[in-house]
Amino acid sequence: MGDLRRDGTGLLRLARAGAGAADGAGGAEGAAIPLEIAASYRARTRGLLGRTGITGALLLTPAASVHTLGMRFPIDVAYLDRRLRVLAVRTMPPGRLGRPRLRARHVLEAEAGTMAAWGLVPGAEVTVERQAGRNGAAGTRSGA
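Numbering (numbering that gives the first Met the number 0), first residue to last: 0 to 143.
Taking CB as the label site, the calculated pair distances span:
id: 1; residue 1: Pro33; residue 2: Gly69; range: 20 to 30 Å
id: 2; residue 1: Ala131; residue 2: Thr90; range: 28 to 38 Å
id: 3; residue 1: Gln130; residue 2: Thr51; range: 16 to 26 Å
id: 4; residue 1: Ala131; residue 2: Arg98; range: 31 to 41 Å
id: 5; residue 1: Arg41; residue 2: Gly122; range: 27 to 37 Å
id: 6; residue 1: Thr44; residue 2: Arg98; range: 13 to 23 Å
id: 7; residue 1: Ala115; residue 2: Thr51; range: 16 to 26 Å
None of these hints come from the bench; they were simulated from the model. Positions of the beta carbon are idealized from the N, C-alpha and C atoms, including for glycine.
Using the sequences provided together with the hints, build the complete structure.
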């Protein structure tokens, strides 16, 4: 099981879609999505501020809410519980405060429209595969 308590990079995979994803939307189930992990206070505070876009997604952990104050582009936000199950997905324009989600332990951010293209809907589960770090350790974190 991968450690989500340190900043780093990895891959995000849509492990299993919930009933809401069975509507024919072409999802990215099993596809590897580039991921940045922001676990330190400094990395979470910085987030996507000052960027003009992102390739893949940014995982903020721990986090239960986000804001887009000072952001330059709209983002998709997925709130994840402790088992990395999607609780809610929202699109937020710049200059907004997101409502805190009580059961959320992680927040996933990506450019607006990308989560719909991935088929990420409430009830879906994701897995995080950390890329090898300085000590060469890599691991997988899933909701199970």
